[in-house]
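Enquirer: Use these hints to put chain B onto chain A, whose structure you have.
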Amino acid sequence: MDLVLVNLIDGLVTGLLLFMLSAGLTLIFSMMGVLNFAHASFYMLGAYFAYQISIYLGFWMGLLIAPPLVGLLGAGVERYGLRRVHQYGHVPELIFTFGLALLIEEVVQFIWGRNAMPYMEPEILQFTAFSIAGNSIPAYKIFMIFTSVAIFIALLFVLTRTRVGMIIQAALSYPRTVEALGHNVPLVFMGVFGVGTALAGVAGVIAGPVLTTFPGMAVVLGSIVFVTIVIGGLGSLWGALVASLLIGWLTTFAKAYNIRMEDILTGVGFTKPEVIWDSMWQDLWSLTSPQIADILPYLLMVLILVFRPYGLFGKRDV
Amino acid sequence: MHNTVRYGLGAALAMSVSATALFADTVKIAFIDPLSGPFAATGTNGLNQFQFAAETLVNDKGGVLDGDTFEVLGFDNKISPKESLIQLQVAIDQGVRYVVQGNSSGVANALTDAIDKHNRRNPDSQVLFLNYSAVDPALTNEKCNFWHFRFDGHADMKMDALTDVIAQDDSIKKVYVIGQDYSFGKAVGSAAQSMLAEKRPDIEIVGNELHPIGKVKDFTPYARKIQASEADAVITGNWGADMYGLGKSILDNGFEGPIYTYYAAADGMTAAFGEAGKDSIRLISEGAQNPPPTPQAAEYIEAFKAKYPDGNVSQSRITNTIEMLAKAIEEAGTATDVQKVAAALEGMEHETMWGGTVYMRPEDHQAIQNMHVFVHTNDDITYDYDNSGYGMLTESTIENAGADTPTTCDMKRPS
Chain A
170 MDLVLVNLID GLVTGLLLFM LSAGLTLIFS MMGVLNFAHA SFYMLGAYFA
220 YQISIYLGFW MGLLIAPPLV GLLGAGVERY GLRRVHQYGH VPELIFTFGL
270 ALLIEEVVQF IWGRNAMPYM EPEILQFTAF SIAGNSIPAY KIFMIFTSVA
320 IFIALLFVLT RTRVGMIIQA ALSYPRTVEA LGHNVPLVFM GVFGVGTALA
370 GVAGVIAGPV LTTFPGMAVV LGSIVFVTIV IGGLGSLWGA LVASLLIGWL
420 TTFAKAYNIR MEDILTGVGF TKPEVIWDSM WQDLWSLTSP QIADILPYLL
470 MVLILVFRPY GLFGKRDV
Chain B
8 MHNTVRYGLG AALAMSVSAT ALFADTVKIA FIDPLSGPFA ATGTNGLNQF
58 QFAAETLVND KGGVLDGDTF EVLGFDNKIS PKESLIQLQV AIDQGVRYVV
108 QGNSSGVANA LTDAIDKHNR RNPDSQVLFL NYSAVDPALT NEKCNFWHFR
158 FDGHADMKMD ALTDVIAQDD SIKKVYVIGQ DYSFGKAVGS AAQSMLAEKR
208 PDIEIVGNEL HPIGKVKDFT PYARKIQASE ADAVITGNWG ADMYGLGKSI
258 LDNGFEGPIY TYYAAADGMT AAFGEAGKDS IRLISEGAQN PPPTPQAAEY
308 IEAFKAKYPD GNVSQSRITN TIEMLAKAIE EAGTATDVQK VAAALEGMEH
358 ETMWGGTVYM RPEDHQAIQN MHVFVHTNDD ITYDYDNSGY GMLTESTIEN
408 AGADTPTTCD MKRPS
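Sequences listed follow chains A and B, in order. The opening position of the first sequence corresponds to residue 170 in my numbering, with each subsequent residue numbered one higher. The opening position of the second sequence corresponds to residue 8 in my numbering, with each subsequent residue numbered one higher.
Next up, chain B with everything else stripped away, as it sits in the complex:
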């Protein structure tokens, strides 16, 4: 029954799309991410941000080329790699040339392989994979390919910045690492272990464990273990419902030390952590909001909040993705020959509204940009999350984080 509804909707969508295609050319972008299930909130908010970015940053400014407009279409992959490949095929059949995806590196690994294969076999309908959030280092190292671009810093780059901050804090003697049981969670765990061993050999890792992704109902037993280990700080790469549950359990259990995270903000989390998380929750990310880095950024956030009062601009890399794609299409002079667009994206330097520049490193298609460590607080917050009064305040900034991280990528460019 679920399927019939979806096919029905798909058909209706396809019809409406083909109807508009008669009048003006649209550059279709497929957003393949979870729009149902435990991670639906993360996916839906991402889709809203993409559609808003495409609307305000490209379409309202006259579009690309001769007035071509961006259209972002949502495809629900239920966070399953298998489902994602089906949705990818559906998207390609609808004439999509650009795929954006970010939630779950497991999905990204499957997509990047499938797209590489598809492009080799179908030179007439090649697609680009713009990865805005899947941060498994492998994607721009051993698994890199010409069609994949990552606009977020990868797990090791972020952990490098995070461990720099931890290394400066002498009160931290014991660290607990916990993550989701899949490629990204494991990458975070091993990076934390090796980098801390190098920067602060005196820090003891009192726990390093993985839990099933999206399946844990109650994180209390994990929180108890963390408390019992007498850890001074927690490091986690959790996101979505898993971050919400873990963070809430740890805070409820009376843990007061810093909790270093990758994604513990917005999507209802900031509101839920509230006072308990103040000065405890830390987050490493690009794109500062408090204080607002530029007037454009402030204007953008306000416009977004006007349209989606319950939403958050939680993933600023989405605007970079859209703006850089538009720029690359302009430069290449075509939106259909993605090989030229990819060539234009390589090595692009983009002045971002979030401050600094984003440099798309040609060797591995990894974006190099400023990273910040934020703290969850209600002091000096201009733009809060979840209308809660709490937001993420910039605590420290790492300029062009990871610009010197080596890559093992051996990029094979199509000739």
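Here chain A stands alone, though its shape is the one from the complex:
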């Protein structure tokens, strides 16, 4: 029972981290209709920038400086790259962001090499906050939870309670009308892209010490972020939050408990074949949940696409 609590916390950490990535991605998509393949690369840049800054100025300055830096870079990419490609339609945009992802990975390898970077938690947070049944919950994880929740609340506040948020939401649905009212829509787009990538940067800064800062970190997380926003519904902030938490808990619990396919199948009423190694279903019978934990979100995505194509909270078709 104690382990359930530990896993709830672990899943929450994973989910909130995923949320910070998918929030930016889903914002960018709902604004500009661009699926930004390079989004996870900005997350990686966040981690590397913060590592480099932390060598000279410490972790906290890294947390402060790296995300705006990533955001600026993102805004620059929008202003001088995406905006030019935009007029040729969505496919060139996709290809542009895809190429950008490859480029960023190569550049990171060129500058920092292929080894994992010794990017560490700040010393002030290197202690055990509390432990449950011998499992220690590091203070850093608690810090991660609070940071992500704070960011979610701030984002929600800006989007729903401020003038800027209203313009953004208006530009979302009626860009031409908003432009006719005298607002600079391209500037809004650039801002959203910058903020979206900065959010990915924040995720990178705080995830780097836990999930290892290495050149493959973008690829490892890249696909799951897309899965998240598809499940949550493209363009929905709440959807991104719910889907992220769902995926976080789903994978954590699947890994933490050895649920065996054998038990499920016999529970449903099948009988295990006598000579299992001759049976064509051998692989199915011997499956355990930790083996397939990381595939479950994709399975969920397929189910969502079949039964609710616009996602959990989405308003339009994918």
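Calculated from the structure, these hints are not laboratory results. In this text, all values refer to a predicted model and were calculated from it rather than measured experimentally. For every residue, glycine included, the Cβ atom is placed at its ideal position computed from N, Cα and C. A couple of the hints might just be wrong.
Stated by the list, open to error - Mimicking SDA-like on lysine to any residue, the simulated pairs with C-alpha atoms at most 25 Å apart in a straight line are: (1) K193(B) / S455(A); (2) K193(B) / R429(A); (3) K193(B) / N427(A); (4) K484(A) / V396(A); (5) K310(A) / L325(A); (6) K181(B) / P208(B); (7) K85(B) / W281(A); (8) K222(B) / I461(A); (9) K206(B) / N148(B); (10) K224(B) / F315(A); (11) K85(B) / F395(A); (12) K85(B) / G391(A); (13) K285(B) / A302(A); (14) K224(B) / S392(A); (15) K89(B) / D463(A); (16) K193(B) / D120(B); (17) K224(B) / L172(A); (18) K484(A) / F321(A); (19) K68(B) / A310(B); (20) K222(B) / N116(B); (21) K334(B) / G70(B); (22) K85(B) / V396(A); (23) K224(B) / V173(A); (24) K193(B) / I179(B); (25) K68(B) / E358(B); (26) K310(A) / G281(B); (27) K85(B) / F279(A); (28) K224(B) / I428(A).
As the list claims (entries may be wrong) - Taking CB as the label site, the calculated pair distances span: (29) A174(B) / A323(A): 55 to 65 Å; (30) S448(A) / G396(B): 49 to 59 Å; (31) K441(A) / K124(B): 32 to 42 Å; (32) G396(B) / Q338(A): 49 to 59 Å; (33) T343(B) / P237(A): 58 to 68 Å.
Expert: For chain B alone, coordinates are given in the frame of chain A:
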């Protein structure tokens, strides 16, 4: 886009190679291992060590035969068996006669089959497979062939040595085994189970599980399970990013017992484990560094560190591979007739700079050498890893480990 870049680079490489070939003969060695993706660090460091070994141990000493030099060419297989076979073909087309590979037994299994087939069909361009690190026992047992040589001890030999050490530790009552879900991970798991059952029947295996290789983002749930099982010790064959993630999660979770591993050192890992891993991380391998076994070894490590300040001499078997290949070529008197070179490698005894001898057992082409169990610490460390102050200290040594391990290999030699 990725592909065009690679072909472009490949073409440029091919041109530069053919240009140098005009002046002196080079013995080309293809290094087929991951140079991108989650295991890129392991692969790249291996390539650096091979190139450095070829440079200092062979080329700087006048090369082989009449001044032929070794050239190690990197081929990125993205850790995929399919990609490896493509790269193998590219390498053979470039005139490569020696293939070295080590990361992932899945890849090694595919390569050894492909090379066996290629050599039977193309007697004019036969190649040798020098396996420096893929340790699935099958490669020198039921899947052995004449063209494959393994310079590392295989998983069962290492587990034999490791379980000897575990058996002596009476405080260990419960053991957790975890590994990557492919042939090697499974081999480690089953070997640990059967050997512990034999040597210490009182030890309970409280967990034996596999996780997807190279796909796990966060190992925390696994670490929680290990803690919850109340295990006294952990055994894992993980390597690369998977070892890094697993080790860090287990240590972060407050586990203090010994963690017996095959590959938990260097490539950024030693630095990351740091103080938390002290006296906890254990590693079974050949080639001791602390204390340095011979003056040559010390000199070699220092020269390597001078050239690659951020690198580590983490795989000492690489120097054995290069030195033994050079010796075999000299003995055979040819670098192109690999059948003769293979015959010279068989049964070779090589004085290694890492202490002791390496004996290439002719029955199965498996190297027999001293194995050591190291502990991760910062006390009495002469040569650290990752410039972290921490390194691997020799705790116990097993002379000619596994010399008596039986083999089921039925070697078919070309007539």
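Enquirer: For every hint, state whether the structure bears it out.
Expert: Each hint, compared with the structure:
no. : hint                          : verdict
1   : K193(B) / S455(A)             : 14 Å, holds
2   : K193(B) / R429(A)             : 18 Å, holds
3   : K193(B) / N427(A)             : 17 Å, holds
4   : K484(A) / V396(A)             : 17 Å, holds
5   : K310(A) / L325(A)             : 23 Å, holds
6   : K181(B) / P208(B)             : 11 Å, holds
7   : K85(B) / W281(A)              : 20 Å, holds
8   : K222(B) / I461(A)             : 11 Å, holds
9   : K206(B) / N148(B)             : 23 Å, holds
10  : K224(B) / F315(A)             : 21 Å, holds
11  : K85(B) / F395(A)              : 23 Å, holds
12  : K85(B) / G391(A)              : 17 Å, holds
13  : K285(B) / A302(A)             : 24 Å, holds
14  : K224(B) / S392(A)             : 12 Å, holds
15  : K89(B) / D463(A)              : 23 Å, holds
16  : K193(B) / D120(B)             : 20 Å, holds
17  : K224(B) / L172(A)             : 20 Å, holds
18  : K484(A) / F321(A)             : 21 Å, holds
19  : K68(B) / A310(B)              : 15 Å, holds
20  : K222(B) / N116(B)             : 21 Å, holds
21  : K334(B) / G70(B)              : 11 Å, holds
22  : K85(B) / V396(A)              : 24 Å, holds
23  : K224(B) / V173(A)             : 20 Å, holds
24  : K193(B) / I179(B)             : 22 Å, holds
25  : K68(B) / E358(B)              : 17 Å, holds
26  : K310(A) / G281(B)             : 20 Å, holds
27  : K85(B) / F279(A)              : 18 Å, holds
28  : K224(B) / I428(A)             : 20 Å, holds
29  : A174(B) / A323(A): 55 to 65 Å : 57 Å, holds
30  : S448(A) / G396(B): 49 to 59 Å : 54 Å, holds
31  : K441(A) / K124(B): 32 to 42 Å : 38 Å, holds
32  : G396(B) / Q338(A): 49 to 59 Å : 54 Å, holds
33  : T343(B) / P237(A): 58 to 68 Å : 60 Å, holds
When held up to the earlier numbered hints, the structure conflicts with none and fits them all.
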